[in-house]
Amino acid sequence: HLQVATTKINTERLNRFQRNRVWVSGYGEGWALYAERLMDELGAFEDPGYEMGYLSAQGLRAARIVVDIGMHCGYKDFNGEVWNAESAFKLLHERALLDEISARSEVDRYLGWPGQAISYKVGERFMMEAREDAKKRLGSKFSLKKFHSYVLNLGPMGLDPFKAEMAVWDGE
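When the letters of the sequence shown are read in order and numbered with this note's numbering, they come out as residues 519 to 690.
If you are wondering where the hints come from, they were derived from the structure by calculation, not from laboratory data.
A few of these clues could be false.
Cross-link-like lysine to aspartate or glutamate pairs, in silico, DMTMM-like; alpha carbons within 20 angstroms at most [unchecked claim]:
hint : residue 1 : residue 2
1    : K663      : E647
2    : K664      : E569
3    : K639      : D651
4    : K663      : D651
5    : K654      : E683
6    : K664      : D688
7    : K639      : D678
8    : K663      : E554
9    : K664      : D651
10   : K664      : E690
11   : K653      : D688
12   : K664      : E650
13   : K681      : E650
14   : K639      : E559
15   : K639      : D558
16   : K654      : D688
17   : K659      : E683
18   : K664      : E559
19   : K663      : E683
20   : K653      : E559
21   : K653      : E683
22   : K653      : E690
23   : K659      : D678
24   : K663      : E690
Pair by pair, the computed Cβ-Cβ distance ranges are [said to hold, decoys possible]:
hint : residue 1 : residue 2 : range
25   : G598      : A575      : 28 to 36 angstroms
26   : N533      : R622      : 37 to 45 angstroms
27   : G657      : A682      : 18 to 26 angstroms
28   : K594      : I527      : 46 to 54 angstroms
29   : L615      : R655      : 38 to 46 angstroms
30   : A603      : K664      : 43 to 51 angstroms
31   : F535      : K654      : 33 to 41 angstroms
Backbone N, C-alpha and C fix where the C-beta goes; we use that ideal spot for every residue, glycine too.
Between the sequences and the hints, there should be enough to build the whole structure, so can you do that?
Structure follows, in structure tokens:
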């Protein structure tokens, strides 16, 4: 939500269309997963219940990726058959422990939005790589707070332009 709010109020860098209509899944969802990981790194999930919730969400996302890629790329499922809506439902219901309605909804979602599930994880990796690259490049000049501000103020963009922007970030 911080990413969306920052985009909405960023009138200096982003035009009205960018602030109100542009959504890039890799950037937006990548930030969301990056923020979750950051919370874990900072010790916010010390309570076993919080940690279990975090890990459960990670497991569901992994299952979504398997379903998304499997159905759209013609890979074989656990039974050696080509992935289809029914095998995707079975995985989400039996292994990711979604109820029937939620599992069917997830299958419909990923049938209609190819690549969306993997965009979360790819976006997170881009964020993590940008942070590690900036730490190496900037050394003691690196500030996590400034890094986050810069990332959020870029606004929604594709991951290749994001990587290019971050490669020239000077730490300010």
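We went through each hint and held it up to the structure:
Distance restraint check for K663 and E647: the Cα-Cα separation of roughly 16 angstroms lies within the 20 angstroms cut-off, and the hinted pair is therefore satisfied. In summary, the hint linking K664 to E569 is not supported, as the alpha carbons are separated by about 27 angstroms, beyond the 20 angstroms threshold. Distance hint between K639 and D651 is fulfilled; the C-alpha atoms sit about 18 angstroms from each other, no more than 20 angstroms. Distance restraint check for K663 and D651: the Cα-Cα separation of roughly 15 angstroms lies within the 20 angstroms cut-off, and the hinted pair is therefore satisfied.
The straight-line distance between the Cα atoms of K654 and E683 is roughly 16 angstroms, inside the 20 angstroms bound, and the hint therefore holds. At roughly 10 angstroms between alpha-carbon atoms, K664 and D688 fall within 20 angstroms of each other, so this suggested pair holds. A threshold of 20 angstroms between alpha carbons decides the hint, and for K639 with D678 the separation of about 15 angstroms falls inside it, so the pair holds. With a CA separation close to 16 angstroms, the supplied pair K663 and E554 stays within the 20 angstroms bound.
As the CA atoms of K664 and D651 are separated by approximately 14 angstroms, the hinted pair is consistent with the 20 angstroms bound. With a C-alpha separation of about 7 angstroms, the suggested pairing of K664 with E690 holds against the 20 angstroms cut-off. In summary, the hint linking K653 to D688 is supported, as the alpha carbons are separated by about 11 angstroms, within the 20 angstroms threshold. Straight-line distance between C-alpha atoms of K664 and E650 comes to about 14 angstroms, which keeps the hinted pair within the 20 angstroms bound.
For the proposed pair K681 and E650, the alpha carbon gap of about 12 angstroms is at most 20 angstroms, so the pair holds. Taking the CA atoms of K639 and E559, the gap is near 17 angstroms; set against the 20 angstroms cutoff, the hint holds. Restraint check: the Cα-Cα separation between K639 and D558 comes to about 16 angstroms, which is no more than 20 angstroms; the hinted pair holds. For the suggested pair K654 and D688, the alpha carbons sit about 12 angstroms apart, so the restraint of at most 20 angstroms is met.
Using a Cα cut-off of 20 angstroms, the hinted pair K659 and E683 holds, with the two alpha carbons roughly 18 angstroms apart. Between K664 and E559 the CA atoms are separated by roughly 18 angstroms; this keeps the pair inside 20 angstroms, and the hint holds. The hinted pair formed by K663 and E683 meets the criterion: a straight-line CA distance of about 17 angstroms does not exceed 20 angstroms. With a C-alpha separation of about 16 angstroms, the suggested pairing of K653 with E559 holds against the 20 angstroms cut-off.
A hinted pair counts as satisfied when its Cα atoms are at most 20 angstroms apart, and K653 with E683 qualifies at roughly 15 angstroms. For the given pair, K653 sits about 13 angstroms from E690 by alpha-carbon distance, which is consistent with the 20 angstroms threshold. Straight-line distance between C-alpha atoms of K659 and D678 comes to about 25 angstroms, which puts the hinted pair past the 20 angstroms bound. As the CA atoms of K663 and E690 are separated by approximately 10 angstroms, the hinted pair is consistent with the 20 angstroms bound.
Taken as a hint, the range 28 to 36 angstroms holds for the pair G598 and A575, whose Cβ atoms sit roughly 29 angstroms apart. For N533 and R622, the hinted distance range of 37 to 45 angstroms is satisfied, since their beta carbons lie about 39 angstroms from each other. As the Cβ distance of G657 to A682 is approximately 21 angstroms, the hint placing it in 18 to 26 angstroms holds. A hinted range of 46 to 54 angstroms holds for the C-beta pair K594 and I527, which are about 48 angstroms apart.
Between L615 and R655 the beta carbon distance is about 42 angstroms. The supplied range of 38 to 46 angstroms therefore holds. The supplied range of 43 to 51 angstroms is met by A603 and K664, whose beta-carbon atoms lie about 46 angstroms from each other. Look at F535 against K654: about 35 angstroms separates their beta carbons, and that is inside 33 to 41 angstroms.
The structure shown violates the earlier hints numbered 2 and 23.
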